[in-house]
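Peer 1: So the sequences go chain by chain: A and B. Under my numbering, think of the first position of the first sequence as 2, with each following residue one higher. Under my numbering, think of the first position of the second sequence as 429, with each following residue one higher.
None of these hints come from the bench; they were simulated from the model. Be aware that a few hints might be false.
[As the list claims (entries may be wrong)] With a straight-line Cα cutoff of 25 Å, these simulated DSS-like cross-link-like pairs (lysine-lysine) come out:
hint: 1; chain 1: B; residue 1: Lys640; chain 2: A; residue 2: Lys89
hint: 2; chain 1: B; residue 1: Lys485; chain 2: B; residue 2: Lys431
hint: 3; chain 1: A; residue 1: Lys89; chain 2: B; residue 2: Lys643
hint: 4; chain 1: B; residue 1: Lys746; chain 2: A; residue 2: Lys135
hint: 5; chain 1: B; residue 1: Lys541; chain 2: B; residue 2: Lys513
hint: 6; chain 1: B; residue 1: Lys485; chain 2: B; residue 2: Lys475
hint: 7; chain 1: A; residue 1: Lys93; chain 2: B; residue 2: Lys721
hint: 8; chain 1: B; residue 1: Lys643; chain 2: B; residue 2: Lys600
hint: 9; chain 1: A; residue 1: Lys89; chain 2: B; residue 2: Lys431
hint: 10; chain 1: A; residue 1: Lys7; chain 2: B; residue 2: Lys746
hint: 11; chain 1: B; residue 1: Lys641; chain 2: A; residue 2: Lys89
hint: 12; chain 1: B; residue 1: Lys536; chain 2: A; residue 2: Lys93
hint: 13; chain 1: B; residue 1: Lys541; chain 2: A; residue 2: Lys93
hint: 14; chain 1: A; residue 1: Lys53; chain 2: B; residue 2: Lys627
hint: 15; chain 1: A; residue 1: Lys135; chain 2: B; residue 2: Lys541
hint: 16; chain 1: A; residue 1: Lys89; chain 2: B; residue 2: Lys485
hint: 17; chain 1: B; residue 1: Lys431; chain 2: B; residue 2: Lys455
hint: 18; chain 1: A; residue 1: Lys93; chain 2: B; residue 2: Lys475
hint: 19; chain 1: A; residue 1: Lys135; chain 2: B; residue 2: Lys536
hint: 20; chain 1: B; residue 1: Lys746; chain 2: A; residue 2: Lys93
hint: 21; chain 1: B; residue 1: Lys746; chain 2: A; residue 2: Lys53
[Said to hold, decoys possible] Quick list of simulated restraints, FRET-style, between CB atoms:
hint: 22; chain 1: B; residue 1: Glu454; chain 2: A; residue 2: Gln75; range: 39 to 47 Å
hint: 23; chain 1: A; residue 1: Gly70; chain 2: B; residue 2: Pro694; range: 34 to 42 Å
hint: 24; chain 1: A; residue 1: Arg39; chain 2: B; residue 2: Lys721; range: 58 to 66 Å
hint: 25; chain 1: B; residue 1: Pro694; chain 2: A; residue 2: Arg39; range: 40 to 48 Å
hint: 26; chain 1: B; residue 1: Lys721; chain 2: A; residue 2: Ser27; range: 38 to 46 Å
hint: 27; chain 1: A; residue 1: Thr99; chain 2: B; residue 2: Ile465; range: 32 to 40 Å
hint: 28; chain 1: A; residue 1: Asp71; chain 2: B; residue 2: Lys627; range: 28 to 36 Å
hint: 29; chain 1: A; residue 1: Arg28; chain 2: B; residue 2: Lys536; range: 52 to 60 Å
hint: 30; chain 1: A; residue 1: Phe4; chain 2: B; residue 2: Ile465; range: 51 to 59 Å
hint: 31; chain 1: B; residue 1: Arg480; chain 2: A; residue 2: Arg39; range: 40 to 48 Å
hint: 32; chain 1: B; residue 1: Pro694; chain 2: A; residue 2: Pro33; range: 32 to 40 Å
hint: 33; chain 1: B; residue 1: Trp542; chain 2: A; residue 2: Glu121; range: 39 to 47 Å
This one's a predicted model, so the numbers in the text were calculated from it and none came from an experiment. Idealized CB from N, CA, C, for every residue including glycine.
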Amino acid sequence: MSFEPKIIGFLCNWCSYSGADLAGVSRIKSAPNVRIIRTMCSGRVDPTFIIKSFQLGADGVVVMGCHLGDCHYQEGNYKTIRRIPLLKRLLKEFGIDTRRLRLEWVSASEGDRFAKVVNEMTEEIRQIGPLQLKNDK
Amino acid sequence: MAKPKLALYWAASCGGCEIAVLDLHEKILDVANAFDIVFWPVAMDFKYADVRAMEDKSIDICLFNGAIRNSENEELAHLMRAKSKVLVAFGSCAYEGGIPGLANLTTKEEIFKWVYRDSPSTIVTNGGVYPQTHTKMPEGEIEIPEMYEVVKSLDQVVAVEYYIPGCPPQPKQIWSVIEYILSGQPLPPAGSILGAGDKTCCDECPLEKKEKKLKNFYRPYEIIPDPNLCLLDQGIVCMGPATRSGCEALCPKANMACRGCYGPPPNCLDQGAKMVSALGSVIDAHEPEELDKIFDQIVDPIGTFYTFSLPHSILRRKQQ
Ligand code: SF4
Ligand code: FES
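All chains should be built: construct the whole structure from the sequences, respecting the hints.
Peer 2: Structure (structure tokens):
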């Protein structure tokens, strides 16, 4: 059986979640691999959520938020834009391919962009293969 | 009434936890008066065989310090668990793996290679042979413990009732726990963290905090910090925001950044992730190139953010 990546998507309520919704109602086809978790803001995505997702079996994690300047809470996504690259540095040191974590800006009107990001990432993770953690005893 | 029985043990640790107990100063006499100390390798001459001969659950409380990194540590963890009613992970190493736990960033093979062959201070004899668990000598066979591939916290090996964090736990806090136990009050629920606060180190820190807008990080030798201002405000990576209170901000008060020895604050699963979150909030930049430059100044993020907590963190060890 071919490998189907499990990807967790943290989508902010105000832009990206609506963007995903739009992709749905517009019947844009996208890979079914991203399990969406709605958060109020991309700034609400504690790096712990991301690490925990990997521990619980995610092969990839994508965080989506409003474009810079559009965050419903003004500054939330500015926190995100600093946290993700720093977290990537940690992941790299942990020996986890940093392509497994993405940050993307998707507005409420960008249903097509949502689908594109999802498809691209699913393909990329498919190439990289499953994440097998040595969480052994 | 017979005195309650107390045992203290050290596994993979530096001995600092033992010193912290001795730092109770004259109160150590009260401890000796109140308890029957039945096992304490660092201070008293008891053998493992003495402990094996005891009845199960006959020790009332065992303070166990040190991580589990070899077969002897593991064996004693099981032994002390079996013999003790209450097993306490004492200090950062037993609680979270501690500094020995940073070995989880490498492998046993790499460590042996460095220590027994490659390090500049090693004089290679016998073709650089590694320690063997069994060696035949004219007098008979010698056995030493087997070093493991990964370092674990005590609770990853046996069930633990309580945790007392700190590298080492502060004597004042140790005493408060002992006093509590001696008072005869009902013990807190299993799994509790004792001898520590439920806020962050910053909360106890008297240094003046301003709005943080950081564009540069410095290593301690690179600047002379103002002793009255928050160290993080001055660009020194201080783990205060990601660390449990309890030490009364001992290090920041001495102009040294908090290194995180009291472990993650309540409701935080991962100290490193918490620190990433905290730093994300205080850096004043958002262009990728500028961020890259700023992050480059944080040398060894994993070793800095998980100095004491790597084995107990979500990912526990280097994966590849
Ligand atoms: S010096 Fe450290 S512990 Fe004190 S307030 Fe600043 S960050 Fe927190
Ligand atoms: S509300 Fe969308 S990123 Fe903050």
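Peer 1: Each hint should be assessed against the structure and marked as holding or not.
Peer 2: Hint check results:
1. Lys640/B / Lys89/A: holds (23 Å)
2. Lys485/B / Lys431/B: Measuring from Cα to Cα gives roughly 15 Å; hence the hint holds.
3. Lys89/A / Lys643/B: Given that 25 Å is the threshold and the Cα spacing comes to 19 Å, the pair holds.
4. Lys746/B / Lys135/A: holds (8 Å)
5. Lys541/B / Lys513/B: violated (41 Å)
6. Lys485/B / Lys475/B: Holds: lysine 485/B and lysine 475/B sit about 18 Å apart, inside 25 Å.
7. Lys93/A / Lys721/B: Roughly 17 Å between the alpha carbons, so the hint for lysine 93/A and lysine 721/B holds.
8. Lys643/B / Lys600/B: Violated: lysine 643/B and lysine 600/B sit about 38 Å apart, past 25 Å.
9. Lys89/A / Lys431/B: Roughly 54 Å between the alpha carbons, so the hint for lysine 89/A and lysine 431/B is violated.
10. Lys7/A / Lys746/B: holds (22 Å)
11. Lys641/B / Lys89/A: Cα-Cα ~22 Å, so holds.
12. Lys536/B / Lys93/A: Between lysine 536/B and lysine 93/A the Cα gap is close to 20 Å, so the pair holds against 25 Å.
13. Lys541/B / Lys93/A: Given that 25 Å is the threshold and the Cα spacing comes to 24 Å, the pair holds.
14. Lys53/A / Lys627/B: holds (23 Å)
15. Lys135/A / Lys541/B: Between lysine 135/A and lysine 541/B the Cα gap is close to 22 Å, so the pair holds against 25 Å.
16. Lys89/A / Lys485/B: violated (47 Å)
17. Lys431/B / Lys455/B: holds (17 Å)
18. Lys93/A / Lys475/B: Distance ~45 Å between lysine 93/A and lysine 475/B Cα, so the pair is violated.
19. Lys135/A / Lys536/B: Between lysine 135/A and lysine 536/B the Cα gap is close to 15 Å, so the pair holds against 25 Å.
20. Lys746/B / Lys93/A: holds (9 Å)
21. Lys746/B / Lys53/A: Holds, at about 15 Å.
22. Glu454/B / Gln75/A: 39 to 47 Å: violated (57 Å)
23. Gly70/A / Pro694/B: 34 to 42 Å: holds (35 Å)
24. Arg39/A / Lys721/B: 58 to 66 Å: violated (34 Å)
25. Pro694/B / Arg39/A: 40 to 48 Å: violated (26 Å)
26. Lys721/B / Ser27/A: 38 to 46 Å: Holds, since lysine 721/B and serine 27/A (Cβ atoms, about 41 Å apart) stay within the stated range.
27. Thr99/A / Ile465/B: 32 to 40 Å: At 51 Å between Cβs, range violated.
28. Asp71/A / Lys627/B: 28 to 36 Å: holds (35 Å)
29. Arg28/A / Lys536/B: 52 to 60 Å: holds (55 Å)
30. Phe4/A / Ile465/B: 51 to 59 Å: 58 Å Cβ-Cβ, so the 51 to 59 Å window holds.
31. Arg480/B / Arg39/A: 40 to 48 Å: violated (56 Å)
32. Pro694/B / Pro33/A: 32 to 40 Å: With a Cβ separation near 38 Å, proline 694/B and proline 33/A satisfy 32 to 40 Å, so the hint holds.
33. Trp542/B / Glu121/A: 39 to 47 Å: Cβ of tryptophan 542/B to Cβ of glutamate 121/A: about 41 Å, so the range 39 to 47 Å holds.
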